[in-house]
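**Q** This is what each chain is made of:
2 protein chains.
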Amino acid sequence: MRTEFAVGLPPALHQEMAPLFGAGWLTDPGERLAYAYDNSRRQSLPDAVALPQSREQVLALVRACRRHRVPLVARGRGTNTTGASVPIAGGVVISFERMNRIVEIRPGDRCAIVEPGVLNGDLQTALKAHGLFWPPDPTSAAFSTVGGNLACNAGGPRAVKYGASRDNVLALTAVTGAGELIVCGTATTKGSTGYDLHRLLVGSEGTLALIVEASLRLTPTAPARAALRATYRDVSTAAHAVARLMAQPVTPSMLEFMDGDAVRLARDVGGADLPHEAGALLMIEADGDAQTLPFAIQALKRAASGDGLLSLDDAADEAAREKLWAARKALSPSLRTLAPGKINEDVVVPVSRIPELVDGVQALSRAVALPIVCFGHAGNGNLHVNLLYDPADASQNERAHAAMGHVFELALSLGGTLSGEHGIGLAKRDFMPQAVGAQTLAVMRQLKTVFDPDGILNPGKLLPDE
Amino acid sequence: MRTEFAVGLPPALHQEMAPLFGAGWLTDPGERLAYAYDNSRRQSLPDAVALPQSREQVLALVRACRRHRVPLVARGRGTNTTGASVPIAGGVVISFERMNRIVEIRPGDRCAIVEPGVLNGDLQTALKAHGLFWPPDPTSAAFSTVGGNLACNAGGPRAVKYGASRDNVLALTAVTGAGELIVCGTATTKGSTGYDLHRLLVGSEGTLALIVEASLRLTPTAPARAALRATYRDVSTAAHAVARLMAQPVTPSMLEFMDGDAVRLARDVGGADLPHEAGALLMIEADGDAQTLPFAIQALKRAASGDGLLSLDDAADEAAREKLWAARKALSPSLRTLAPGKINEDVVVPVSRIPELVDGVQALSRAVALPIVCFGHAGNGNLHVNLLYDPADASQNERAHAAMGHVFELALSLGGTLSGEHGIGLAKRDFMPQAVGAQTLAVMRQLKTVFDPDGILNPGKLLPDE
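Heads up: the protein sequence lines correspond to chains A and B, in order. If you're matching positions, the first sequence starts at 1 in the numbering used here and goes up one per residue. If you're matching positions, the second sequence starts at 1 in the numbering used here and goes up one per residue.
Only chain A is shown next, with the shape it has when bound in the complex:
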């Protein structure tokens, strides 16, 4: 599907939308600039920005954009890392920042009804009063939107126990690229009534439909949590511990991994108190109530113990927990000291293949003579592979980007895939044919056509060019 888009903003579209949106219709270049980029650092100026406050405005905008063949790019707060919200083909950015109401919280149904623009963090604050939370906890949670989280199928550390966005949505109301309002799913925790459209929309990065309301599945907050920090001789023994931790009944509420380079950085640059001989580190958390938590921690300690374990520290209280987490927190700023540029990809592999992934990445690091640091959500096999380089150095730039291709190949060869929680966007779409078979990709393209017959929704994202 290749649509001939209008060049620039058609005056007729502007004339229709300006009165409809009023102050929520931005055409000033300075104002548009704020909607030109995302956290991928890519940038492309939209021709206009719409800030809807109602689903009726969204419907009218989609229909007008379709009539005028104008690209329409959905945006939460632009925290995604893949370029998925950069309007590379121009057109209109639709930012949901003003559709940010929490419509209803129903504790007995473990359900919240929200508009897409509500911040994940604001929702969590509102839920706290009810003893509930919404599981997705990306690093950006304080300033990313629920709609954006859903669009990327965002996860975070808690996903190992509580699932990612797709696992925590009951129903969606959305406007398709055809300009039709659809209601997908029911606000019930079970359902077998026709095709599952709402989970299909999750992770579709604004290429199929625009979410205007979401019914979210909530989880009661455990009253207490406790943390462990385990260091291992090497990645392999740490990965075996991960497999042991995941094969016993007490599922950790977080299970984070750092490879040897990450441990060294956290210690030598970040100042974390970590043994010199540590080749890998696990941060392990459990949650529960005060009475049962000690037993859970005991079970996790047993599973964490074994060949290669160098140290196992636990945190009795929240302050001690913060101290254990200091190593992890010291890591990100430390990375910046290694090189000015960073490519961070979030490949995922079956948990048992983590050692091969890390070994392969370390071999690749030596081959391209660039540091690659791995850490991330071990319980899901979802590692963040950070490739550090100087973008101003042409040779490094080329080697870095070639290396990322090899990282994807490696993850795929281990039975994994391109992304665990960041999505595809622009950054990985050229790798889609390696990850997804030709016939399956053809089905995806046809699904796109069903929802968005003229290809106006976020063109050039997720699916590779034909």
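Be aware that a few hints might be false.
Any copy, or any two copies together, can satisfy a pair, since identical chains are not distinguished.
As the list claims (entries may be wrong) - Below, simulated DSBU-like cross-link-like pairs (lysine-lysine); rule was C-alpha separation at most 30 angstroms, straight line: (1) K342 - K329; (2) K342 - K301; (3) K301 - K161; (4) K323 - K128; (5) K128 - K342; (6) K161 - K128; (7) K329 - K301.
For the record, the hints were derived by calculation from the structure and aren't laboratory data.
Put chain B on the given structure of chain A with help from the hints.
**A** Chain B only, in chain A's frame:
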């Protein structure tokens, strides 16, 4: 989409398939009869039955059926209740009973790779040795297949804590109605790589594609469990207890409900030891380890207690647990004493609306002068509404079927939907336009066309006639 199907079995199709399938190609009427019905008691003779042993055979059969315009109906073991596996348009039944291998169990990845024809019960037995289980536990588990469970999005009592089929599948390999092999998803517990096709196939009742391999998400088995039985003055106070139970952090591993009629039947006919004044009953279970289980049971007891509670019994061991469950087990045979005919539908509503659902059903029972007994999976708001009547009595027959329509209307008006775990099949497809908006239904029809352009897969099921 209305396909003109071939009348009878085209001789050319027979000549192509007979040598390919050998003894796995059945055309004898006596043999075909065994594949003519499902647990809905509907019946329609297929023109041939294919018993594939490989995905290559499935591919060849789909392509041949497409070429010859012959309907193709997937079948596990025919335990479904909706007519979904009855070949109402004739054609070929493809029974996966010989594709029943457990290909691989990977405990560290919490993953099993299976062929679709493996029995749920056989899989659970194989998983037991690894301390793992696959959560879906329909009543039919001992003799229903994983493929059939996936096709219906089957659930069961455990779903309240562990999810239904759709929540417990990582990847699917399937043959579309276009005759293409697609691989959907990855055998990882997280993924954000393109559109989510595998969850779309779950619950699609063989109308989109035929599953030839499934990567299932497994859960470690808790070493111990304990049960509670609570009786309440009336449905409303029991339903409030359900909401309290679901709003606190210890999620029960089962939370089953029986209304007053069900309690009376279990006591008076089934001989269960239950108080006369009980207007509703909850069966509550927790699982965990021996050390923490008492705390979990304590928390559930606290939540179960409140206005209207008449009795609260707990079972210290497995024998006592069986005794508590006797009431539930006595129920089904008791129902048969009320009337020869039973319509059992599995509507689902938000948990907080259970009292209105049961009240509405009781009012309807009085209005149509037929007994209606409700019980089921309260933690998911998924109630089995059993309407008892004499099918030989024309008036009762008519009133019973009209009443089911009102039950669906009621569930929809409460924010629920037609089916929690049985699916749509033939039984509920005419109610789909009430449950799913016209635009959403149009999208579902178009998705069907993408996967199955000639409409050969299970025609006449799930989607209503246009």
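**Q** Next, verify each hint and record whether it holds.
**A** Status of the hints after comparison with the structure:
1. In this homomeric assembly, K342 and K329 come within 30 angstroms of each other (Cα to Cα) only inside a single copy, at 17 angstroms, whereas the closest approach across copies is 61 angstroms.
2. Within a single copy, K342 and K301 get their C-alpha atoms no closer than 34 angstroms, and across copies no closer than 53 angstroms, so neither meets the 30 angstroms cut-off.
3. Proximity of K301 to K161 under the C-alpha cut-off of 30 angstroms is found in both arrangements, the shortest distances being 17 angstroms within a copy and 25 angstroms between copies.
4. Taking CA atoms no more than 30 angstroms apart as the test, K323 paired with K128 passes inside one copy only; the shortest distance there is 24 angstroms, against 39 angstroms between copies.
5. For the identical chains of this complex, K128 and K342 are neighbours neither inside a copy (35 angstroms) nor across copies (45 angstroms), given an alpha-carbon limit of 30 angstroms.
6. When the C-alpha separation of K161 and K128 is checked against a cutoff of 30 angstroms, the pair qualifies both within a copy, at 19 angstroms, and between copies, at 21 angstroms.
7. For a Cα distance limit of 30 angstroms, the shortest separation of K329 from K301 inside one copy, 23 angstroms, qualifies, whereas the shortest one across copies, 41 angstroms, does not.
In the structure shown, a violation is registered for the earlier hints numbered 2, 5, in ascending order.
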